[in-house]
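Novice: With the hints as your guide, set chain B onto chain A.
Number of protein chains: 2
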Amino acid sequence: MSRYGKRAGLTVHEHEPFNAETGPAALAEGPLTATDAFYVRSHGAVPEIVPAAWRLRVHGVVERELELSLPTLREAFRERQVTATLQCAGNRRAGLIAIRDIPGEAPWGAGATGTATWTGVALADVLALARPRREAAHVGFGGADVCPEAAPVQRFGGSIPLDKACRREVLLAWGMNGEPLPPVHGAPLRAVVPGYIGARSVKWLDRIEVRTKPWAGYFQHVAYRLVPEDGAPGPGEGMPLGLVALNADVLSAADGEKITTGPVEVRGYAFAGGERYVARVDVSLDGGASWSQAELLDDLGPWAWRHWRIKLDFARGEHAILVRAWDSSAATQPEDEAALWNPNGYVNNARPRVRVRAA
Amino acid sequence: MSRYGKRAGLTVHEHEPFNAETGPAALAEGPLTATDAFYVRSHGAVPEIVPAAWRLRVHGVVERELELSLPTLREAFRERQVTATLQCAGNRRAGLIAIRDIPGEAPWGAGATGTATWTGVALADVLALARPRREAAHVGFGGADVCPEAAPVQRFGGSIPLDKACRREVLLAWGMNGEPLPPVHGAPLRAVVPGYIGARSVKWLDRIEVRTKPWAGYFQHVAYRLVPEDGAPGPGEGMPLGLVALNADVLSAADGEKITTGPVEVRGYAFAGGERYVARVDVSLDGGASWSQAELLDDLGPWAWRHWRIKLDFARGEHAILVRAWDSSAATQPEDEAALWNPNGYVNNARPRVRVRAA
Chain A
1 MSRYGKRAGL
11 TVHEHEPFNA
21 ETGPAALAEG
31 PLTATDAFYV
41 RSHGAVPEIV
51 PAAWRLRVHG
61 VVERELELSL
71 PTLREAFRER
81 QVTATLQCAG
91 NRRAGLIAIR
101 DIPGEAPWGA
111 GATGTATWTG
121 VALADVLALA
131 RPRREAAHVG
141 FGGADVCPEA
151 APVQRFGGSI
161 PLDKACRREV
171 LLAWGMNGEP
181 LPPVHGAPLR
191 AVVPGYIGAR
201 SVKWLDRIEV
211 RTKPWAGYFQ
221 HVAYRLVPED
231 GAPGPGEGMP
241 LGLVALNADV
251 LSAADGEKIT
261 TGPVEVRGYA
271 FAGGERYVAR
281 VDVSLDGGAS
291 WSQAELLDDL
301 GPWAWRHWRI
311 KLDFARGEHA
321 ILVRAWDSSA
331 ATQPEDEAAL
341 WNPNGYVNNA
351 RPRVRVRAA
Chain B
360 MSRYGKRAGL
370 TVHEHEPFNA
380 ETGPAALAEG
390 PLTATDAFYV
400 RSHGAVPEIV
410 PAAWRLRVHG
420 VVERELELSL
430 PTLREAFRER
440 QVTATLQCAG
450 NRRAGLIAIR
460 DIPGEAPWGA
470 GATGTATWTG
480 VALADVLALA
490 RPRREAAHVG
500 FGGADVCPEA
510 APVQRFGGSI
520 PLDKACRREV
530 LLAWGMNGEP
540 LPPVHGAPLR
550 AVVPGYIGAR
560 SVKWLDRIEV
570 RTKPWAGYFQ
580 HVAYRLVPED
590 GAPGPGEGMP
600 LGLVALNADV
610 LSAADGEKIT
620 TGPVEVRGYA
630 FAGGERYVAR
640 VDVSLDGGAS
650 WSQAELLDDL
660 GPWAWRHWRI
670 KLDFARGEHA
680 ILVRAWDSSA
690 ATQPEDEAAL
700 WNPNGYVNNA
710 RPRVRVRAA
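Heads up: the sequence lines are chains A and B, in that order.
Under my numbering, think of the first position of the first sequence as 1, with each following residue one higher.
Under my numbering, think of the first position of the second sequence as 360, with each following residue one higher.
Pulled out of the complex, with its shape left as it was, chain A reads as follows (with noise of 0.2 angstroms):
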C-alpha cells in the first residue's frame, strides 16, 4: 500500500501532486470500483485539515450566508446516497500523445475512471438553507488544495450551473464505498457531480460560492476547455468542458494479450456521461463492417457506466476488438481518434480497438 492506501499496480503519473490511473484488471473486477484502485488526480498537495476546525462556508449571491461544520453537516440534512461514475477529461489523452505531441500534460491511459458510491447531502438542501438570490446562474466549488501549476498559483475550483446545482444527485460527500472518505480523494468533504468531468466534483471542498457568471479561475477559465485542433490555450479560450462525454473500454481482454482460439468472454464498461444512459454496445472483429451487440450488466442507476459482455469466437491469428456504445439519444463514438486531437488532450473518446493474439 502506497502512502495514500492505494494498492499496487496503479500507474502513477506523478507523486507530488499525486496522480495515479487503474489499470483494467482492477477496473474489470466489478461495476463498483475499490477505493484502493480508484484514480487519483489532483493539481496540489492533499492539504492538511484539522476536521474540528474545517468549515463550509456558503455565501455568493445568497440570501443567507452559511458555515456549516461536520456535524451540523450531517445532523441538520437528510443523508444521501448517490453511484456515480467519476471520468478526468484527460482519461485517454494518451491515444492522442500518439498522434501528435503534447507538451506539459501527463500521458493518461484508458484508467483515469472509476465507479464508487458516495455518502453525502445533497448541494441542493445547502443551497435550499441559502436560498440562491434571483440573479444566482451558477455554483461554485472552492477546495482547499493549492495548485501550483495554475497561473497565478491558485486554489482548485470550479462551478456548475445552477439547474444542475439543484438536482438531488450532486452530493457533498464524507463518504465513499461505504467507508469514510479517503484524505487523498478530498476528505472531510468534497463535491460529486454525476455527468460531469470529474475536475467538477472538487475536493477538499471547504467553500460553495453562488455565482451570476461561471467560475473564473484558471481551472475552468483556463484549463478544462476544448480548443480547436489550430488554437492556442489561454483565458476564455475554446469552449469549457462540464457534461462529460460517451466513452467505454474493453476491460478483458487487455491490449497485446494472448488468448485461447474459440468462444472467449470479452468484458469492458460504457458510460453516456451528461444526463444519457447506455442505450446499446456493439463489439466487431472485422474492422466495423459488422457488429455484434454485448450484454449490458448491473444496471446502478442513472449515473453510473454500464459493465457490458460477449462471447467472441477467436481464430488463430491477430483479431482488434472494436467497440461503439450508444447512448439515449443514439449518439455513439466517433470513429477516427485522430479527429479528435486538440492541444490539451481532452474528451479522448474514439471507439476503443484492443489487439489480441489468439493460439
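Be aware that a few hints might be false.
If the Cβ cut is set under 10 angstroms, some of the chain B residues that face chain A in the computed set are [claimed, not checked]:
(1) 638
(2) 647
(3) 687
(4) 690
(5) 701
None of these hints come from the bench; they were simulated from the model.
Heads up, the beta-carbon is just placed ideally off N, CA and C, and yes, glycines get one too.
Specialist: Just chain B now, with coordinates in the frame of chain A:
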C-alpha cells in the same frame, strides 16, 4: 395557402395524412420559423374536435384524476412561454435512402425541423394537481388522431420519463408564435417536449396517463426505435428514441446553387438537442482538412437551435461546404453518413455537405 394554412413552397410528402417539410430558404428567414412554413408530421387525419366539448383527462397512477376543460386549463394554471425547436426523428432520411432504400418510409429532406414560441401551461403544474403516486415513472400523452399505419390501428401517443415531465419547459400548448395553435399543429392542445424527438410532442392531446412503464403503443414500442443496421423492426426491437440528436444544416447557400466568387456569407442552424447547448460550429471548404469557426447568432434560450453565419472566400469552381456542430459535452456530428443507415431511417445527423459552384 393550402387548406392547412401553409404557404406555397413546402415539400409535401403526403396529403392525407398531411406531411410536409420546410425549405431551407424559409428556415433561413430567421431563428423563429413562421407558422405557415412550419413542417407537419402527422400519422392520421386532423381530428375534428369541438373545443367546448373537449376535455383533457389526466389519469393512471395519480392520487387525483382530472378532467380539465380549456377554460379551466387557462384559468387554473400559470401561462408560460417556451421557445423550442422541434425536429422529427426522420429528418434527413433522404440521405440514408440514397445509400440504401428504406421501403415504406417517406424521403424527408432536412426540413422536418423548425423553431416556434409555444404558449400554454407547464405539464409539471398539471401533474402537481394530479399528484403522481410513488410508483409513477413515465408520463404518456394520448392524441385524438387515429393512425391507419399502426398495427393495430390506434390513436397516436408516446411517453416521456416523469423526471423530464416535471421540468418546467414541458408545455401543454395552445399557442404557437403568438397565435392560436392551428388545427394541423394539434389544436386545441398539444404537448411540447423540448429536447426530445418531435414524436413526443403529441398533437390533439386529450389524455395524459401517468404510468409505471413507458408507453406500450405502436409509436413508441414499434416505431421511433433505432434498430441495428442488420436488424428488423418489430415490437420492442432496437432502442427507443427520446432525446433528439445533435444536428446542423446549411440553409444558404442551397445545395447546387451558383454563387459569386469572392467573399460570400454562408448561413445555417445547429441544434444540440437533449439538455445540451451548441458550443461551436465549424465550417470547412477542404473536406475537413481545416475548419473555420462560424459566428453563433441569436440565443433564444436553452431549447432552441442557434442560427450561425460565416463569411467564406470562394475561388472560381466547385466547392463542398462541410459543417460540424459541437455540443456542450464536446460531442460533434458523425463523419460517415453511410454508417448511420438503419432500417427505419431515423437519426441522420451526419455532418451536412452542400455543393456550390462559384462563377
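Novice: Need the list of violated hint numbers for this structure, in ascending order.
Specialist: none
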